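One letter stands for each residue in the lines below.
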Amino acid sequence: MDLAGLSVGWYLALSVVLFAIGGVGLLVRRNPLVMFMCVELMLNAVNVAFVALGAGLNDVGGQVAVFFVLVVAATEVVIGLALVVAINRRRSGATADDVSLLKG
Amino acid sequence: MMGALLAQLPVQTPDVDWTGLLPVLLPSAGALVLLMVRSLVPSRVMPAVLDAVWTFAVAVASLVSVVVLWQRDAEVQAFGSQLVMDGMALFVTAVVLGSVALVAPTLPRYCKRVGVASAELCVLILLAAAGAVVMAGAADLIVLFLGLETMSIAAYVMAALNLRRLESLEAGLKYFVLGAFSTAFLLFGIALVYGATGTTSLDEIGRHLDTFILLRDGMLLAGSAMLLVGLGFKVAAAPFHAWAPDTYVGAPTPVTALMASAVKAAGFAALIRVFVEALGTRADDWRPAVFALACATLAVGSVLAAVQSDAKRILAYSSVSHAGFILVGVQAASDSGVAAVLFYLAVYAVIAVGSFTVVAVLSGQRDDRTGLDTLAGLSSRRPALALGLTILLLAQAGVPFTSGFVAKFSVIAAAVEARSYWLAVVAMVSAVVAAFAYLRVVVAMYFRDSGDEAETAAEAPKPAIGLGAGAVIVAAVLFTVALGVVPGVLESLTSTAAGL
Amino acid sequence: MAEAVFAVAAVLMLAGAVGVVASRNPVHAALFLVQTLVGVAVLFVLNDAHFLAAVQVVVYAGAIVILFLFVIMLLGVDKAEELSIEPIFGQRPLAAVVGAALVAVLGTVVVTGADVLTGLRRAGGDRALDGDATDIERMGRVLFSEFAFAVEITAALLTVAVVGAVILTRRASRSDGSATADTAAS
Amino acid sequence: MLEAAWLICAFPLAGFAVLLALGRRLGEPRAGWVATLAMAGSFVCSLAVFASLMGRDPAERRFVVTLFEWVPAGDFSVDAGLLVDPLSVTMALFVTGVGALIHLYAVGYMHGDGDFSKFFVYLNLFAFSMLVLVLGDSLALTFLGWEGVGVCSYLLISFWFTDEANATAGKKAFITNRVGDWGFMLAMFWAFGALGSVRYLDLFGQADSLSSTTATAIVILLFLGAAGKSAQLPLYIWLPDAMAGPTPVSALIHAATMVTAGVYLMVRVNPLIAVADAWAPDVIAWVGVATALFAAGAAMAQNDIKKVLAYSTISQLGYMMLAVGTGAYVAAIFHMVTHAFFKALLFLGSGSVIHALDGDQDMRRYGALRAAMPVTAVTFIVGWLAIAGVPPLAGFWSKDEILAYAWDASPALWVVGIVTAVLTAFYMSRLVFMTFYGEARYGTEVHPHEPSRLMTAPLVALAAAAVVAGGLNLPFTKDLHFLGAWLEPSLFANEAHLSLGAGAQWLLALVSMAGAAIGIAGAVAVYLQHRLPASRVEWPAAARAFYVDETWTRFVGGPGRRAFEGVAAFDANVVDGAVDGVGRSVRAGGTLLRRVQTGFVRSYALLTAAGAVALLVWFLVRTSF
Amino acid sequence: MAAAVLASEPVMYSSSSFVAALTVLVLVPAAGALVLLAMPRTRPDLFKLVALAASTVSAVLAVWVLAEFDAGSAASFQFWQQYEWITGWGVSWQVGVDGLSLFLVVMTALIFPLAIVGVDAEHSPKPYYAWMLVLEAGCLGTFVALDLIMFFVFFEIVLVPMYFLIGGWGHGRRAYAATKFFLFTMFGSALMLVAIVALAFLHSSASGAGVTFDLTAIATNQLLATNTARWLFLAFALAFAVKVPLFPVHTWLPDAHTNAPTAGSVILAAVMLKLGTYGLVRFGLYLFPEASVHFAPLMITLGVIGIIYGAIAAAMQRDLKRLVAYSSVAHLGFIVIGTFALNTEGLTGGVLQMVNHGVSTGALFLLVGMIYERRHTREISELGGLQKPAPLLAAVFMVVMLSSVGLPGLNGFVGELLVLLGAFNAHRWWAVVAAAGVILAAVYLLWAYQRVFHGPASGANAETPDLRWREGLVMAPFLAAIVFMGVYPKPVIDRVEPAVDAIIAHVEDNVAGFAEPVANVQPPVSLEDLARSTGEADHNGAGNGAGEHNGGYGGGAEHGEGDG
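Residue numbers (my numbering), protein chains in the order written: chain A, 1 to 104; chain B, 105 to 604; chain C, 605 to 790; chain D, 791 to 1415; chain E, 1416 to 1979.
Hints are computed from structural coordinates only; laboratory data are not their basis.
Here the structure is a predicted model, which is why all the values come from computation and not from measurement.
C-beta atoms are modelled at their ideal positions from N, C-alpha and C, and glycine is treated no differently.
Since no wrong hints were added, every one of them can be taken at face value.
Cut-off 30 Å, straight-line C-alpha distance, at most; resulting in silico cross-link-like pairs (DSSO-like, lysine-lysine): (1) Lys683(C) <-> Lys103(A); (2) Lys103(A) <-> Lys216(B); (3) Lys216(B) <-> Lys566(B); (4) Lys1463(E) <-> Lys566(B).
Okay, the calculated bits of chain D under chain C, using three or more residues with CB under 8 Å as the criterion: (5) 1387-1397; (6) 1401-1413.
Given only the sequences and the hints, what does the whole structure look like? Please build it.
Okay, here's the thing in structure tokens:
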């Protein structure tokens, strides 16, 4: 299959950058919802990598992996959002920095 | 139409060994049954204690299936090449299910006292156990990942389950955010390893690496690093441990017990699967990294345990330091190292459940009375409970004639055999530092001055222990001591499991 | 042609990602996220993963982001976040350093190591992408043969998610009783 | 009879055991009689042993009685064995003889004391230890006795322990002696290291194979021990303080017997001294003579009667050491014997006086006691003349012999010796005059009286001995050299040979007599005729023993103590501080690390990411591109 | 092959003899503790009785072992027994006694009942006596263990009961002292475990046989490279040095001693410190002869520093118990220099001194405890003049103190003499310094005695009651031992020396160029001829002198060969 002249390296590089952006985003944002979105960015970076690698390997495994990642991403979002909801019931508008009762 | 399609495209479904699948099936089916029954049967008819009884029964039944599988000498291809119940998987499964079986009896009284949904908790526990078993038996990185997620997501929820306690929610959130974060790393790692070897099957990865010498191994090694991050997070290895103390303290105490036992065991099983087995040929590359992680974990766990003033937190940090010890066994990258890890996991699971159960018993209505001062004078209020906790703590410190000593001995032996002398030394020294933390608990229980002892004794009524928790503590203590005196039984099991 | 598409999609994607990280309003962030997700879908298409691209758009951009927006609205947390302050000392510079390091290290490895793939290219078989089956068919085959067990586990995973979401969003109603107290009390 | 020599030791031991078990029940005075009988029995046994030794050929007057193996370890093997030879029997004889008399005296002296029986327990234990010291057949066994007498001395000095001063004096005696014992022990080790044995006969038999350096080291170390025990400079400091003990103790232990153990030891090891470098005996001689002069000087100005006698004892011990150093072993033993008689006599006499004056020991409050206590006075005067060197009393002969040898070795030694002799005559005369002559200076409430017969009888016996003991070893012809001939087998011909002619000896004797006369005359002038105020001769420096003791005390109490405290502080702060410091630094590290555990989930994520980067970097290092 | 040697080596007695004696000896106290644990709280009167019964059974057994012990083959392990324990790791339960451990076992077994009788629990008698029995089992187990892991296990386990005894029944800063004791000693042995395991694996890989922790097998084979052995020795030595305790790792001792209850101090001083010195001999010299020779100067230096330093520090203490504790530092220094003198005299003296120190210091702590019980203070400055109201107490104290000072005729002297003698032959100048410790011992002990017993008694001191009957009965065996060992140590030495000779011979066999530093022994020609004045004299001299003694030495050398 033609890789359309693009080496897998480009995809992977893109994926790495996206992964890093997502990671940095998680580190700098305080809104838990935005943090979750950043996690989604990271997962998407992984997906890009999987698909590109699969293509490079001429193997469907990468795509299969992406399939499962999508499932996991969905469940994670559900749980994450549920947690945020639960926390907001107790303390409205809480940011990630606000939940720091436990430390040390 | 469908049939025609199938005829046109025959799908080669994998062989399923149903007995082999039982350790996964039983807990998940058990969870679904419980969920359904609870949704359909009005709670008037079915007292809450039955949740725990059911959970216990399911765990025991699964354990029986594990024993049955153990009797077969060959490794069981439970589900094609996806799930392999070999010796190690079975052993870790037993540890996981054993932890569940030990925690279950403590639940009814705890849930009632603290106000945690017992049915849902039991469902989640069983599903998490199923996920853990999958991790232990996973023969494919994807399966491993899914098992891990099943277990983890259940664990995130369980950690937050004490909804009325903000700390619990915080624990859940922190665990979740960091878990998701590290999952991303793990996934990237899987992707890179997949890229480097063209497969996600652990078996094939191992074979590939055995057969070929990679000229360019950057992708493989970067993938290994990312995998180590993801799995290191699950076992709470420093510097990926930061969630552990907060989560352990915030989570409902029985859940904490499970996180320290079952979750940790599954995490280490995955580490062994991936690193010792699949990436075994590249041990020279990853051993120094694990060496560093082990040192950091040991140091962080024990030093931070020493400065805590909350019993639950001390146990949380000590759990980190135990992870360091187990990493010492992983670092050996040998069969005896694996055997040592398994031994340690079994021993520590029991100790952890026992210790956290004691904490749970004492933790009061909101599950937050866990400070050292609540333990003050326990020796006079509840001498047996104090003695039990003392024995468990001494076991954690590695005092002889407890299972803890034998466990430490086994990992040290593995490390020494692999010529990792300095790691062994670091481990032993950090054990001393950690011992200080345990002794603080003991001091609180036994050596408070009589003046305020009388005071606290008067003010704090004798905590009710309850039959279930009592039985669990007694069982844990007996196991701990018995194994300390005659460790040979377990030793032969782990040797077999590790293929020695 | 493909390079151009790739370039556009990449720019779209990265811009969206930066947008997610940089927008003060979570609603905007969610919309930027959609942008990125679509970009990713384009990349999928470029790699002939049409089925995945569709799923990506439908499930991700469609369902998940909607869920996000829903929660944002539900909780009323759509107010802007003050991005100019960083309460945790050193967090941002360190995050930047770590991010840059990540890019540097991973980038080096990934870019230099990518050509190992050619040696590992699958020749034929169910899993080969250059077979004559469609990508949906190919995936279905693999999912229900090799990865059948994985698919089954997702059932457990989804159950966990459902149960979890239900428990967590239920109000912890009474002060003394438990959530299951309606059962336990009687 | 020789095999039964162990009986000599057994008697006091049995007495000790009986008194230990039953002493309190026996009570006064029976406990005293038991002790005295034990000593008497021991004396009789000594006599018997002496007799049977006499019955032997001089060359065969050496006999070892081995009782049992004491410490048999490796090459080191020490028996509990007794060496019976002329030297040890001589010592045994006068120890038991004088000891018995003093026991007898003590029965009277200790009358009414609450711990009457305990006193005799200690005395008998002392006698046993002393006899073991004397009769032991090895350095180790001698050391057993050596330490034993030290302990008894300690116990007896601090007998009246409720007075802090007594307790301190006892402790000081023991510890000062221990310094000497250190030398003794090292000497013993060295001897064993060099010759593989500590038995005297083995040592003497192989002494020739010793290198002179080794022999010198052993001798000097032994002399250190001897200096401690025999109160030589600079270790003499305990003896004046030891006068805190009951007077019979001063007489027995701190005059007649124990303090002479050092001299005995040096005489005993004469074969080693013979092998040692020449400077070793010179050291001994000079230390001895210096001690003699120094102590005599100090005695000049003491007002405490027992202190005078104590310094006098030190001085006389110096003479004995001088004799040892000049190779005049016989003279040393001779003087030891005569000194035992007259010094015991003087001490007991002073005890009677103190007793009579209700415990007052200050001579400035004495005077004119001659009339009140005639027996005491007469016997005391005999002792005075003996020690002052007035012929024909015992002291003259023994001292004169020493001085003769000193002249032979070095006239300088002799000069110091003769000066000491003058001083001796002076201060003893001073003592006698202040006590028995002049006017009574004691208060009217005191009524001095002669003590009981029990106490006077020993005085008379000792006085008699002090008169005639000179006959043991008369210088005129070889035939009258009884003691010398008798000791011959123990000295292995190591005795120095006097090169002086008879004329020279006579001359020296005359000078020495003149010296005694000058001393006495001086005292008469000052203390009887008051031609010179006493303050002119009683230097303050002498009264305080030339500040030696004070310097020691200041050093021990000052820099010494500070050094000790420094070590203790070092231990508490530095060594233990380091330990606690480790604990503290672990906790400090923990506290620091806790800061990392901020509670902010984003910090944790940063930590995780940083860890990931670190791991990636490590693996990148391992990568082959 | 090593195993075969091992199996044939120990002396096995006929079936009439009770071969499991040592195992039972260890297990009886442990069983007693379990019985106590199971007893109802309502019968406090029985606790002490049970404890006493259990410890007495052990004591009787120990005495029986002593009686049955074959002095002729004291270099071999007697009452030897081996069971498999953790088969997979080559760990076995292996026990036996030889001349080195015999008297330590006997002393331990005898002191425990005395400490139990002599001191009542101040409160909570049940756990108190239970811990005492656990402690006894641990101590006895350490002394009879012939398997490295088994040894380590017992060596470590003693920390726990002692920790609870100090923390639960101690005084003052008891929690601090207990924790410090536990952690310090645990730290010491942490590295030893690593070393033990490393030793076993390296031995196994060098010998090609399976992993074994059998002491005799590893020691006799001597397969390690020199450098490795030295490192391992250091790890072992650290553990023992802490336990001994050697300068500068001694500071746990004063705290532990001062704050421990009386019986705890007694056991700590009498028995537990010996675990360290015994370990140095059994697991230092025996396992690592070359390293022992190599590091002997270091160890002796530390020992000598300990002697002087401990004595000086002791002199400056204000607390009587602390003073005795520091005196232990000094005394144990003697044992260490004796051990590393590496000759028969020194090592014999060292072993003897282990027992002597146990007896003397144990008794001293009992006496201090009695004083504390009467006066409720251990501050020396608050005591004084006790000899007047309590003469018997003072007398007993005096004898024990003199034994501690090393007075000839009492037990302390014999050991000290041999130690210094041995050290003098090996390291002359250090022995010279060490001997000065003898002076210092007199300084601090006499000073203490003076301040406590002498002088006028005022206030509460004047009312101090004298020794009671029960206390007298407890002290009597100590006094008897003190005098007996001082006057007639031969029976003890006869049993110790063959084992010591075997160890020294082992060192000589395995260290190239090492010869036992001994005195320049010459044929005893001496003045025997001069002494031979009568036939009887000749008979006496020859019969009691060298002849018999040489016979004994020859015997010892034979055992040495057998062992090497």
